[in-house]
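K.L.:
Line order of the protein sequences matches chains D and G.
Throughout the first sequence, residue numbering follows my numbering, covering 180 to 353 in sequence.
Throughout the second sequence, residue numbering follows my numbering, covering 180 to 353 in sequence.
None of these hints come from the bench; they were simulated from the model.
Errors might be hidden in some of the hints.
Below, computed lysine to any residue pairings styled on SDA-like, alpha-carbon distance capped at 25 Å [said to hold, decoys possible]:
no., chain 1, residue 1, chain 2, residue 2
1, D, K296, G, R263
2, D, K296, D, Q211
3, G, K296, G, L322
4, G, K296, D, R263
FRET-style restraints, in silico, Cβ to Cβ [what the hints assert, rightly or not]:
no., chain 1, residue 1, chain 2, residue 2, range
5, D, R240, G, E245, 17 to 27 Å
6, D, Q308, G, M249, 34 to 44 Å
7, D, H190, G, R237, 39 to 49 Å
8, D, R311, G, G302, 42 to 52 Å
9, D, H190, G, A321, 36 to 46 Å
10, G, R181, D, Q211, 55 to 65 Å
11, G, S282, D, A247, 23 to 33 Å
Take a look, some chain G residues computed to stay more than 10 Å from chain D by CB distance [to be verified]:
no., residue
12, E245
13, R272
14, H315
The structure presented is a predicted model; accordingly, all values stated were derived computationally and were not measured.
C-beta atoms are modelled at their ideal positions from N, C-alpha and C, and glycine is treated no differently.
2 protein chains.
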Amino acid sequence: MRILGLDPGSHVCGYGVIETGEPRISAPGGNQLTYVECGVLTAPADLAMEERLAEIARGLRDVLAELAPMVVAVEDVFTHSNVRSGLALAQARGMVLAVVGLSGLRAASYAPALIKKTVTGSGRADKDQIARMVQHLVGLRALPRPDASDALAVAITHAHHRQSTALRLRVVEV
Amino acid sequence: MRILGLDPGSHVCGYGVIETGEPRISAPGGNQLTYVECGVLTAPADLAMEERLAEIARGLRDVLAELAPMVVAVEDVFTHSNVRSGLALAQARGMVLAVVGLSGLRAASYAPALIKKTVTGSGRADKDQIARMVQHLVGLRALPRPDASDALAVAITHAHHRQSTALRLRVVEV
Chain D
180 MRILGLDPGS
190 HVCGYGVIET
200 GEPRISAPGG
210 NQLTYVECGV
220 LTAPADLAME
230 ERLAEIARGL
240 RDVLAELAPM
250 VVAVEDVFTH
260 SNVRSGLALA
270 QARGMVLAVV
280 GLSGLRAASY
290 APALIKKTVT
300 GSGRADKDQI
310 ARMVQHLVGL
320 RALPRPDASD
330 ALAVAITHAH
340 HRQSTALRLR
350 VVEV
Chain G
180 MRILGLDPGS
190 HVCGYGVIET
200 GEPRISAPGG
210 NQLTYVECGV
220 LTAPADLAME
230 ERLAEIARGL
240 RDVLAELAPM
250 VVAVEDVFTH
260 SNVRSGLALA
270 QARGMVLAVV
280 GLSGLRAASY
290 APALIKKTVT
300 GSGRADKDQI
310 ARMVQHLVGL
320 RALPRPDASD
330 ALAVAITHAH
340 HRQSTALRLR
350 VVEV
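Using the sequences and the accompanying hints, generate a full structural model.
P.N.:
Here it is as structure tokens:
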């Protein structure tokens with residue numbers, strides 16, 4: 180299964196794509212992760228918010244078309260210490276979810292602490308620890324840049340939790 | 180000038196379109212407002228967030244294509260007493276801004292208190308007072324439903340403040 184992880188932002192949106200084999204219920208930790216691609220979608224800082232969001236939306240549409248993920252995983256917005264930053268992040272997340280929905284894909288959401296805990300074992304890991312563990316888990320030669328490694332971390336989190344997520348989705352859809 | 184006002188939400192997005200003559204600088208209060216259309220874009224409550232945002236985005240694209248506004252005015256998200264409601268509103272606002280930006284239009288933002296003050300004279304007016312003043316200002320026979328009248332109120336606010344907004348935009352664009 181090809182998973183696209185996204186770390187939304189109104190200036191920079193990180194993306195990371197991995198592939199995982201079918202999970203074996205007898206060996207839940209035994210998923211093989213294969214790295215496909217990661218990078219960042221950016222918009223010039225001097226553009227108005229609607230132009231920045233449109234620019235990143237266009238980039239995300241290209242990523243969805245070219246890399247053809249089966250599912251998308253997105254970092255959830257938490258209660259930000261800076262209210263305006265939190266609202267700007269939520270706006271970027273709304274744009275990302277709309278683009279994913281318009282492409283007919285489903286989005287799974289994961290809290291930042293769960294992503295950190297899944298990837299590093301600690302819910303309070305810093306950006307550098309996440310990047311190093313991501314590099315190790317998907318076998319990258321170089322350290323990915325922070326927004327891209329955060330996006331890969333979301334994708335890895337989905338790979339580890341998707342069985343329970345799939346069950347939840349199925350229950351909701353019945 | 181044809182103005183589309185939007186009151187974004189992740190379940191219901193109100194829209195309202197008005198037309199205004201060219202402002203006369205000698206008579207700033209003398210703008211003639213003409214009602215064009217108002218309504219609501221909705222998404223079923225049992226859909227996932229990305230499906231709801233996509234459904235409302237599709238409706239908004241149709242509104243932009245059919246009603247061809249020259250500019251869009253959107254209510255700003257304020258610091259909500261309920262953090263989750265505030266983040267959900269911000270997500271809906273991000274979707275709306277991205278759709279507006281993708282269509283090549285600009286979005287002007289107005290704080291809820293300024294909208295209330297512009298339309299009713301009081302920054303603390305309730306929904307019913309806003310709806311009645313909107314009905315009076317654009318000459319509607321029936322009271323519009325709350326989300327639609329809020330959207331018309333944003334459009335009316337832009338009609339009243341667009342000279343200063345246009346100046347600000349010009350300064351930014353130089």
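K.L.:
Next step is simple, just say for each hint if it's right about the structure.
P.N.:
Hints versus structure:
1. D:K296 / G:R263: holds (23 Å)
2. D:K296 / D:Q211: With Cα atoms ~19 Å apart, D:K296 and D:Q211 stay inside 25 Å; holds.
3. G:K296 / G:L322: OK: G:K296 and G:L322 at ~19 Å, within 25 Å.
4. G:K296 / D:R263: holds (23 Å)
5. D:R240 / G:E245: 17 to 27 Å: Given a distance of about 23 Å, which is inside 17 to 27 Å, the answer is holds.
6. D:Q308 / G:M249: 34 to 44 Å: Check failed, 50 Å falls outside 34 to 44 Å.
7. D:H190 / G:R237: 39 to 49 Å: At 27 Å between Cβs, range violated.
8. D:R311 / G:G302: 42 to 52 Å: holds (51 Å)
9. D:H190 / G:A321: 36 to 46 Å: holds (44 Å)
10. G:R181 / D:Q211: 55 to 65 Å: holds (56 Å)
11. G:S282 / D:A247: 23 to 33 Å: Since the Cβ atoms of G:S282 and D:A247 sit about 26 Å apart, the hinted range of 23 to 33 Å holds.
12. E245: Label holds. Min Cβ-Cβ 19 Å, cutoff 10 Å.
13. R272: Violated: least Cβ distance 6 Å, not greater than 10 Å.
14. H315: Check passes; 31 Å lies beyond 10 Å.
Figure legend: structure checked against the earlier numbered hints; hints not met, in rising order: 6, 7, 13.
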